[in-house]
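Participant: Keeping their order, the protein sequence lines are chains A and B.
Heads up, the first sequence is in our numbering, so the first residue is 8 and it goes up one at a time.
Heads up, the second sequence is in our numbering, so the first residue is 100 and it goes up one at a time.
I should point out that these hints are in silico values taken from the structure, not numbers from a laboratory.
Heads up, a few of these hints could be off.
Below, a list of computed lysine to aspartate or glutamate pairs in the DMTMM-like style, where the Cα atoms sit at most 20 Å apart [what the hints assert, rightly or not]: (1) B:147 with A:104; (2) A:30 with B:173; (3) A:30 with B:249; (4) A:57 with A:45.
Just the calculated beta-carbon pair ranges, DEER-fashion [unchecked claim]: (5) B:299 with A:16: 26 to 32 Å; (6) B:238 with A:52: 46 to 52 Å; (7) B:299 with A:31: 41 to 47 Å; (8) A:44 with B:247: 31 to 37 Å.
Ideal Cβ placement from N, Cα and C applies to all residues, glycine included.
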Amino acid sequence: MGPDWFTVIAQIINFLVLVALLKRFLYGPIVRAMVRREAEITARFEDAAKKADDARQERERYESLMEEFAKTREVMRVEAREEADTLRKELLAKAREEVARSRTQWLESFRRERDSLFRSLRRHVCEQVCAVSRGILTDMADASLEERMAACLEQRIRDLGTERREELAGHFRIPGQEVVVRSAFEMSTEARRKVIRILESLDADTGTVRFEVEPSLICGIDMRAGGRSLAWNLEEHLGDLEDLLVEKMADSMPGESGRNDGGSERRIDEHGS
Amino acid sequence: MELSPDSMILWQWGPIRLNGTIVYTWVVMAALSLGSWLVTRRLAEEGKMSRRRSLLETLVTFLNDQIRATSRQEPGRFLPFIGTLFLFIAVSDSLEIIPGFHPPTGSLSTTAALAICVFIAVPFYGVLQKGVWGYLAHYVKPSFFMAPFEIIGEFSRTLALAVRLYGNIMSGTVIVGILLSIAPLFFPIVMQALGLLIGLIQAYIFAVLATVYIASATSVQKRGEAETDKEGKGGS
């Protein structure tokens, strides 16, 4: 029952060998691995903490940047709005100026065209009136238009009254003073004779009478001497017609030029007829 | 009935006898060493934890925690000795369930050898910690007359260690042997299961007691240091 001392010694040796073996194959590697893993975990924690700290700093930096960006954006937005407002006002002012200038130019152009049209109209109307009148006078009175105009002029001088006629004669009766008689057409002999008779009634020096053709008179006779003029022509009537047309045109201004033009033509046609 | 594997003589040459105790001890040593080597041979290369590695780490951590809790000291230098004691006894006792295997701890020679190892380890760690004279000084404290009692205590606890383990394991084997002859069905299995539990408990008790003895040797030194420091301060 007692211990076998050889076995005891052998078991002591066996146990010491086992201690050495386990220290070599178990405790050493396992403890080293655990220490290494703990070191790794610690390092990872430290790394994670460092990364978290970096991330926090980065986030703070980005937040700061974002805040700054927001401020800058707000400032830029305000500036852009102000610039846009200024630009809009400038453009509006320019546009208004442009519109005003265009309107002025257009009105000026319209006015010029209107004047030109009126001049042309007046000329055509006068020519037409003259032609019609000439035909009517020729048909009805068996006399030329100039003769009839000379008769009208004579009648007009007669209607002036004594005082006015004397005053007028005062300008024509100066001896040697040239008297210029202008008409739109070449006057006939009869017409010229009537004109001479009129001048004689004004005590003018008929020896210095000079007859001229002036197409701008359109239809009428104009006598000039000593700075005074005695005339009968369609100019006056046509002037009245023109004034009427201008007045009507001005009433419908500005804008509807096409309709106005049509209206003008209609009125002209009415006058023509 | 063979009560101890010592009596299983396999080979003899003069006084040298290769008995069952030694052979079964080699089997346990081979199992422990081979198992450890298989797990730890690629430890450095493994990036992730394997189950076996995790098991061994748990075991080592458990041993460390127990040593630390019992000795109140860092377990580093004690781990190989205490851990091997526990593993050897636990594995020997556990292999008892294998038919034909006789646990070497059921031999008084083995338990005596382990107890002698503890008997030597206590002064070894003490001397390692403090030096020869520092360790020997605790035998004469608080009085020179305590030295015989201290020495008797050293021997008696060694004897107690050897006999306690031997008695427990041997008795388990004997009980199973007796029951096999009385009630060969079922009952021996229950007793064998109980024997496993007893074997693990004995391994734990043996390891804890060894830790306590070693710790007492080193902690005595520390107390002695503290007293010396206190005296030095009082004298000044």
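Participant: It remains to establish, for every hint, whether it holds in the given structure.
Facilitator: Each hint tested on the structure:
Our distance criterion of 20 Å between C-alpha atoms is broken by residue 147 of chain B and residue 104 of chain A, whose separation comes to about 84 Å. Using a Cα cut-off of 20 Å, the hinted pair residue 30 of chain A and residue 173 of chain B holds, with the two alpha carbons roughly 17 Å apart. The suggested pairing of residue 30 of chain A with residue 249 of chain B is violated, with an alpha-carbon distance near 32 Å, which exceeds 20 Å. Taken as a hint, the residue 57 of chain A and residue 45 of chain A pair is honoured in the structure, with Cα atoms around 18 Å apart against an allowance of 20 Å.
Remark: the range hint 26 to 32 Å for residue 299 of chain B to residue 16 of chain A is upheld by a beta-carbon distance near 28 Å. Between residue 238 of chain B and residue 52 of chain A the CB atoms are about 48 Å apart, so this pair conforms to the stated range of 46 to 52 Å. Here the CB-CB span from residue 299 of chain B to residue 31 of chain A is close to 25 Å, at odds with the stated 41 to 47 Å. Between residue 44 of chain A and residue 247 of chain B the CB atoms are about 50 Å apart, so this pair departs from the stated range of 31 to 37 Å.
Hint compliance for this structure: hints 1, 3, 7 and 8 are not met, and every other hint is.
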